[in-house]
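2 protein chains.
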Amino acid sequence: MQIKEIGGEFALIDRLSRLVPSRCRELIVGIGDDAAVLKTADDGRYQLVTADLLVENQHFSFSWGGAEEAGFKAVEANVSDIAAMGGEPTVMVVSLALPRETPVETAEALYRGMGRSCRRNGVTVVGGDTTRGGAITISITLLGTVAVDRLCLRSQARVGDLIGVTGPLGASAAGLALVQRDLPATAYLWQKHLVPECRLDAAPILAPVVNAMIDVSDGLAPEVRHICDQSGVGARIAAAKIPLHPEVIAAAVALGCDPLEFALGGGEDYELLFTLAPRNLERLRRTGLEFAVVGEILPAADGLLLVGASGAAGPLHGGYNHFA
Amino acid sequence: MQIKEIGGEFALIDRLSRLVPSRCRELIVGIGDDAAVLKTADDGRYQLVTADLLVENQHFSFSWGGAEEAGFKAVEANVSDIAAMGGEPTVMVVSLALPRETPVETAEALYRGMGRSCRRNGVTVVGGDTTRGGAITISITLLGTVAVDRLCLRSQARVGDLIGVTGPLGASAAGLALVQRDLPATAYLWQKHLVPECRLDAAPILAPVVNAMIDVSDGLAPEVRHICDQSGVGARIAAAKIPLHPEVIAAAVALGCDPLEFALGGGEDYELLFTLAPRNLERLRRTGLEFAVVGEILPAADGLLLVGASGAAGPLHGGYNHFA
Chain D
1 MQIKEIGGEF ALIDRLSRLV PSRCRELIVG IGDDAAVLKT ADDGRYQLVT ADLLVENQHF
61 SFSWGGAEEA GFKAVEANVS DIAAMGGEPT VMVVSLALPR ETPVETAEAL YRGMGRSCRR
121 NGVTVVGGDT TRGGAITISI TLLGTVAVDR LCLRSQARVG DLIGVTGPLG ASAAGLALVQ
181 RDLPATAYLW QKHLVPECRL DAAPILAPVV NAMIDVSDGL APEVRHICDQ SGVGARIAAA
241 KIPLHPEVIA AAVALGCDPL EFALGGGEDY ELLFTLAPRN LERLRRTGLE FAVVGEILPA
301 ADGLLLVGAS GAAGPLHGGY NHFA
Chain A
1 MQIKEIGGEF ALIDRLSRLV PSRCRELIVG IGDDAAVLKT ADDGRYQLVT ADLLVENQHF
61 SFSWGGAEEA GFKAVEANVS DIAAMGGEPT VMVVSLALPR ETPVETAEAL YRGMGRSCRR
121 NGVTVVGGDT TRGGAITISI TLLGTVAVDR LCLRSQARVG DLIGVTGPLG ASAAGLALVQ
181 RDLPATAYLW QKHLVPECRL DAAPILAPVV NAMIDVSDGL APEVRHICDQ SGVGARIAAA
241 KIPLHPEVIA AAVALGCDPL EFALGGGEDY ELLFTLAPRN LERLRRTGLE FAVVGEILPA
301 ADGLLLVGAS GAAGPLHGGY NHFA
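As you go down the protein sequences, you meet chains D and A in turn.
Mapping of the first sequence onto the working numbering: residues 1 to 324, in sequence order.
Mapping of the second sequence onto the working numbering: residues 1 to 324, in sequence order.
Keep in mind that a hint or two might mislead.
Unchecked claim - Facing chain D, according to a computed beta carbon distance under 8 Å, are these residues of chain A, among others: (1) M1; (2) L16; (3) P21; (4) V93; (5) V126; (6) A135.
To be verified - Now the stretches of chain A that chain D is said to cover, found in silico as 3 or more residues with beta-carbon under 8 Å: (7) 95-101; (8) 111-125.
It is worth saying that the hints were derived from the structure and are not from the lab.
All figures in this text were calculated on a predicted structure; none of them were measured in a lab.
In this text, a Cβ means the ideal position worked out from N, Cα and C, and glycines have one as well.
Assemble the whole structure, with the sequences as input and the hints as a guide.
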């Protein structure tokens, strides 16, 4: 049976996770959130664990960017998962598979990029594995901690919550789409694709105030869907309120598509998406953090809706499936 | 520059580790031992972190064994690293890259094998990543803990220590060599290659008694070399004392080679290699644990020696280099 026949990546993860022991006394949250949460840190904190596997020509390509950029982005993506839990990253292990003919300089550039992101985010590399493989493969496992009363889960959205996001969406996908079609990408769009910076800065401001939180790695639509699935709620997103950078709109014009597609399904923006009780809106505004309210949480029976510019509501679509 | 030009895997790791932050307050032991050691667990214990990356047709091949065996072995190899520190495994994250056409049944078999090893060793799978790639790639990060006074490092060998090993060596490599030459492997040899069981059972018996410890994943010679490098000592191994199973000797006869080659450089035996003060020898014998004394630790100036059956000593050679 093919993976796409059972419904792709998430259906596969669901099947596979039933074949291994997945519960223990120390585990607060396991497979299914941005990071696992463990009751093993001291001082009123939980431990966080997240992992990512990146394969050349699937997740990054040296024909577009350099190895240093790929290394930087790989670490940012993992720190983003820790930030989405309200936490702080601590230590990281890196496993690297390299084809035999990989120049030492390429491996060094990868590590320089990882080092730059590690320093930016206060991460220490404590180990890993380096071996041979057919394609350059970067596997990162990042640990972190979060204060027990600051932990933010995908499952904590409540009916009536507002849905917010920390910045404009779609720039990474728009930049990539331009380059894939041999059109020039602006520096802003291309930087957002090659070396996106995650929002670890926003996490400690958001964590005391928000209910659910997730990072935007696969696009707005699938992230809202994850929150709704795990919280047992529905949601309505207002298309007109989704923050779009003018250059994303210009890219959509050049490509003859709807800029919302980049925001809803493009992914790799690494902004934080959160839900918030309306009574906390003013409190969050007073922090000075920039964010946009893009919708609200509804009862599960209402489903997932996107309200267009005309005011008509349709289903919320979009998002990347690795095995579609 | 090619990786082999700078000296292969270990030279590369040394270069790369200088490009990322690799020290922090919580880190007791970083890159270079079987697992990293962190001061972040409570109750007088340290946290351990180890990782492995396995690529199809480099580290395992479905033309010889099944996916279930590959999954089992991948987890055993990581548990072996935790055992070598004197610790116990706790939770694991698995990242998996699968070619688009991978049958769901193959992924499930991999996980069934991982599950079997996890249950055997008390490990819980708490997360990971599943994505597309050109070759099946399994990346495992395993956490564990060790009592502060039970931690065993590669760097703790002392001149005068005896060198011991928990069981016969070379069976995995002998089984593989037979199959690679289209010769029949006995069930014992083939099982030792496909589904080796690590020695987590021996770790709590050894940890209170031994000085240095390491697991035999790359062969006896390179593991002795790791201990000597990190302890600043030399060693003498007596060829006649290296435990060899009769079927390893028979395999060497069939293949026309020296059975010691399998033990010294073959790897993937996952026995534990340790150094021990002579005064603790009797104490270890009284535990009932089976082991063999194969040599002794010398001053660094004596180098690494192998004493043959004739009594003549030569340099200790052998071992696998991923980029040679």
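Now the hints, each set against the structure:
At a threshold of 8 Å, the smallest CB-CB gap from A/M1 to chain D is about 4 Å, leaving the interface hint in force. Residue-level restraint check for A/L16 holds (minimum Cβ-Cβ distance to chain D is 4 Å; threshold 8 Å). Taking 8 Å as the C-beta contact cut-off toward chain D, the hint placing A/P21 at the interface holds, the least distance being around 5 Å. Taking 8 Å as the C-beta contact cut-off toward chain D, the hint placing A/V93 at the interface holds, the least distance being around 4 Å.
Look at A/V126: its Cβ gets to within about 4 Å of chain D, closer than 8 Å, so that hint holds up. A distance limit of 8 Å between C-beta atoms decides the matter here; for A/A135 the minimum to chain D is near 5 Å, and the interface restraint holds. Under a criterion of three residues with beta carbons nearer than 8 Å to beta carbons of chain D, the stated coverage of the stretch 95-101 of chain A is upheld, 6 such residues being counted. Residues of the stretch 111-125 of chain A lying with their CB closer than 8 Å to a CB of chain D number 9, which satisfies the three-residue condition for coverage.
In terms of the numbered hints stated before, the structure departs from none.
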